[in-house]
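Engineer: Here is what each chain is made of, one letter per residue.
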Amino acid sequence: MDKNSNKYIFIYASVMVILVAAVLSIANISLKSAQQKNISIEKKQNILSSVNIESTTKNADELFNKKVLKSYIINSKGEILKGDAFNIDMKKEKQYAIENKSLPVYEFSIDGDTKYVFPMYGAGLWGPIWGYISLDSDLNTIYGATFDHASETPGLGAEIATKKFQKQFQGKKIFDDQEKFVSITVAKANENVPEQHSVDAISGGTLTSKGLQKMLLNDLGAYRAFFKQKKSE
Amino acid sequence: MSDKESLFSKKNKAILLNPLSKDNPVTVQILGICSALAVTAQLKPAIVMAISVTVVLAFSSVIISLLRNTIPNRIRIIVQLVVIATLVIIVDQLLKAYSYNISKQLSVFVGLIITNCILMGRLEAFALGNKPWQSFLDGIGNGAGYGMILIIIAFFRELFGSGSLFGLRIIPESWYIINGGFYSNNGMMILPPMALIIVGVIIWVQRSKNKDLIEN
Numbered sequence: 001m002d003k004n005s006n007k008y009i010f011i012y013a014s015v016m017v018i019l020v021a022a023v024l025s026i027a028n029i030s031l032k033s034a035q036q037k038n039i040s041i042e043k044k045q046n047i048l049s050s051v052n053i054e055s056t057t058k059n060a061d062e063l064f065n066k067k068v069l070k071s072y073i074i075n076s077k078g079e080i081l082k083g084d085a086f087n088i089d090m091k092k093e094k095q096y097a098i099e100n101k102s103l104p105v106y107e108f109s110i111d112g113d114t115k116y117v118f119p120m121y122g123a124g125l126w127g128p129i130w131g132y133i134s135l136d137s138d139l140n141t142i143y144g145a146t147f148d149h150a151s152e153t154p155g156l157g158a159e160i161a162t163k164k165f166q167k168q169f170q171g172k173k174i175f176d177d178q179e180k181f182v183s184i185t186v187a188k189a190n191e192n193v194p195e196q197h198s199v200d201a202i203s204g205g206t207l208t209s210k211g212l213q214k215m216l217l218n219d220l221g222a223y224r225a226f227f228k229q230k231k232s233e
Numbered sequence: 234m235s236d237k238e239s240l241f242s243k244k245n246k247a248i249l250l251n252p253l254s255k256d257n258p259v260t261v262q263i264l265g266i267c268s269a270l271a272v273t274a275q276l277k278p279a280i281v282m283a284i285s286v287t288v289v290l291a292f293s294s295v296i297i298s299l300l301r302n303t304i305p306n307r308i309r310i311i312v313q314l315v316v317i318a319t320l321v322i323i324v325d326q327l328l329k330a331y332s333y334n335i336s337k338q339l340s341v342f343v344g345l346i347i348t349n350c351i352l353m354g355r356l357e358a359f360a361l362g363n364k365p366w367q368s369f370l371d372g373i374g375n376g377a378g379y380g381m382i383l384i385i386i387a388f389f390r391e392l393f394g395s396g397s398l399f400g401l402r403i404i405p406e407s408w409y410i411i412n413g414g415f416y417s418n419n420g421m422m423i424l425p426p427m428a429l430i431i432v433g434v435i436i437w438v439q440r441s442k443n444k445d446l447i448e449n
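Protein chains in written order, with my numbering: chain A, 1 to 233; chain B, 234 to 449.
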């Protein structure tokens with residue numbers, strides 16, 4: 001057949017598309033369960049890491065089940081909702097208005113003190129960023145933080161996923177002396193923010209830093225009613 | 234070319250080794266500059282990127298070379314793109330399932346591999362007109378030539394921009410001004426423009442050493 005005839009080109013293109021589609025679908029379906037498992041293990045590792053527990057891909061499952069005290073879902077008024085906190089997809093919750101959001105809370109008991117873990121999800125420069133912050137039982141002092149990202153620039157924005165950046169959060173306060181919620185500012189050297197409410201921004205990663213700051217403000221802010229309620233208990 | 238030709242004849246060796254020097258994809262063919270700027274702020278991602286591009290380039294070259302007598306001329310670019318994209322997606326899916334940590338490090342690069350002009354450039358210029366084995370060598374050679382440049386750039390950028398190599402501290406903390414020393418990292422190094430300047434310097438050094446590359 002003439003290789004340059006329209007008929008040949010159409011047949012060639014159609015066969016190619018169907019073959020490629022089939023190959024990709026098979027790859028996707030057959031690998032899905034293994035991929036899901038990796039994602040759930042990673043989530044457990046991230047939550048553990050926010051309460052400063054190191055885990056490996058092998059022991060994460062076991063360690064998580066052993067260490068977690070309880071987990072539950074609340075709404076923005078602080079009322080407890082039904083459901084499994086671990087199955088909440090933060091990406092989906094992002095699109096709902098604040099009063100309709102399901103907000104997961106995890107409680108851990110570390111050295112006799114209750115630590116609360118709050119997940120968050122926001123936008124970096126190129127794609128989503130997310131993380132977990134754990135607070136001491138005073139619900140003010142940060143015990144640990146962990147962040148991750150989908151596609152921030154390596155060496156710049158991607159630095160939010162490093163221990164060095166995350167360590168800065170430990171011991172910082174999210175409420176000021178007047179009990180006002182101030183969150184944490186990701187500050188450049190010339191910004192005048194009290195040190196106990198700020199961490200150093202990443203040089204060359206300004207937009208990722210700003211995205212992280214916004215995520216902290218919004219997603220920690222969603223728990224304000226819960227903080228208040230727990231503090232008055 | 235007869236089939237009896239040995240696998241590493243002089244000609245095949247030239248196909249494999251020329252991209253490392255006088256036919257380098259980055260500094261001579263000026264392909265793949267964009268990713269050379271994007272992923273070279275640190276050594277580790279540069280090396281991961283170099284390996285992934287080499288693997289995808291070698292295998293897509295072989296596939297295109299096997300298909301070369303059937304591909305209709307008018308849609309050849311699309312066919313090349315589909316082959317590259319399919320390979321990249323399959324590799325990505327496999328990594329996500331069986332090597333999750335590496336897949337996370339690759340993250341943004343996977344997309345960048347598809348758009349890397351070295352791939353399209355080599356498929357179009359070489360694999361479409363040559364046999365599979367030669368195409369494979371050409372893919373490996375060009376991948377290695379690209380990787381070599383990436384690693385050189387990343388070495389200088391990470392060393393002078395962050396004071397470390399592979400994330401390990403090379404320049405002592407006590408040298409830094411904050412700690413009472415005299416040294417400060419060069420912030421320009423971690424931004425893409427500096428990578429372009431380093432590429433320029435490499436081209437300059439290469440041309441002054443190899444007179445064949447100088448146009449009249």
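Please note that a few of the clues may not be correct.
One side of the interface only, derived from the structure: several residues of chain A facing chain B at Cβ under 8 Å [unchecked claim]:
#1 Tyr8
#2 Met16
#3 Ile29
#4 Ala34
#5 Glu42
#6 Asn46
#7 Pro154
Pairwise CB distance ranges, derived in the manner of DEER restraints [stated by the list, open to error]:
#8 Leu401(B) with Ile80(A): 31 to 39 Å
#9 Phe388(B) with Asp200(A): 23 to 31 Å
#10 Asn192(A) with Asn251(B): 52 to 60 Å
#11 Ser417(B) with Lys92(A): 43 to 51 Å
By construction, these hints were calculated from the structure, which means they are not laboratory data. Think of the CB as a built atom: it goes at the ideal place given N, C-alpha and C, for glycine as much as any other residue.
Engineer: Take the hints in turn and mark each one as holding or not.
Structural biologist: Going down the list of hints, with the structure as the test:
no.: 1; hint: Tyr8; in the structure: holds (6 Å)
no.: 2; hint: Met16; in the structure: holds (6 Å)
no.: 3; hint: Ile29; in the structure: violated (10 Å)
no.: 4; hint: Ala34; in the structure: holds (4 Å)
no.: 5; hint: Glu42; in the structure: holds (7 Å)
no.: 6; hint: Asn46; in the structure: violated (12 Å)
no.: 7; hint: Pro154; in the structure: holds (4 Å)
no.: 8; hint: Leu401(B) with Ile80(A): 31 to 39 Å; in the structure: violated (47 Å)
no.: 9; hint: Phe388(B) with Asp200(A): 23 to 31 Å; in the structure: holds (26 Å)
no.: 10; hint: Asn192(A) with Asn251(B): 52 to 60 Å; in the structure: holds (58 Å)
no.: 11; hint: Ser417(B) with Lys92(A): 43 to 51 Å; in the structure: holds (45 Å)
The structure does not agree with the numbered hints 3, 6 and 8 stated previously, though it agrees with the rest.
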